[in-house]
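A.B. asks: All chains should be modelled from the sequences, with the hints used to inform the complete structure.
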Amino acid sequence: MGRVLVWLITAISFLALSHQPAASEPKHAIAMQGEPALPPDYTHFNYVNPDAPKGGSITYCVVGSFD
1 MGRVLVWLIT AISFLALSHQ PAASEPKHAI AMQGEPALPP DYTHFNYVNP DAPKGGSITY
61 CVVGSFD
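Letter by letter, the sequence shown follows residues 1 to 67 of our numbering.
Because the hints were derived from the structure by calculation, they are not lab data. The reader is advised that the hints may include incorrect statements.
What the hints assert, rightly or not - Distance ranges between label pairs, derived from CB positions:
#1 15 <-> 49: 52 to 60 Å
#2 24 <-> 53: 36 to 44 Å
#3 16 <-> 54: 52 to 60 Å
#4 49 <-> 25: 27 to 35 Å
#5 1 <-> 31: 23 to 31 Å
#6 25 <-> 58: 36 to 44 Å
Note that CB positions come from ideal geometry on N, CA and C, so glycine has one too.
C.D. replies: Right, dumping it as structure tokens:
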């Protein structure tokens, strides 16, 4: 009876203490350290040219078959 009571008190304590609110506010992005580099309303990445010409084609060199 003693072991069951100790286990029950431990389980109830764990459940009561595990429901804590989140410690941080929601953000638009995540960062490894500090704040995210891009603002929430960014239009393109820093390495992308938004005025680049659109269209074109790509040619793949494939020898043989997949099988």
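A.B. asks: Does each hint hold? Answer for all of them.
C.D. replies: Hint-by-hint comparison with the structure:
The beta-carbon spacing between residue 15 and residue 49, approximately 54 Å, falls within the hinted interval of 52 to 60 Å. Taking the beta carbon of each, residue 24 and residue 53 are about 42 Å apart, inside 36 to 44 Å as hinted. As the Cβ distance of residue 16 to residue 54 is approximately 58 Å, the hint placing it in 52 to 60 Å holds. A hinted range of 27 to 35 Å for the beta carbons of residue 49 and residue 25 is consistent with their spacing of about 34 Å.
For the hinted restraint 23 to 31 Å between residue 1 and residue 31, the CB-CB distance of approximately 52 Å leaves it violated. At roughly 43 Å, the beta-carbon separation of residue 25 and residue 58 lies within the given 36 to 44 Å, and the hint holds.
The structure does not agree with numbered hint 5 stated previously, though it agrees with all others.
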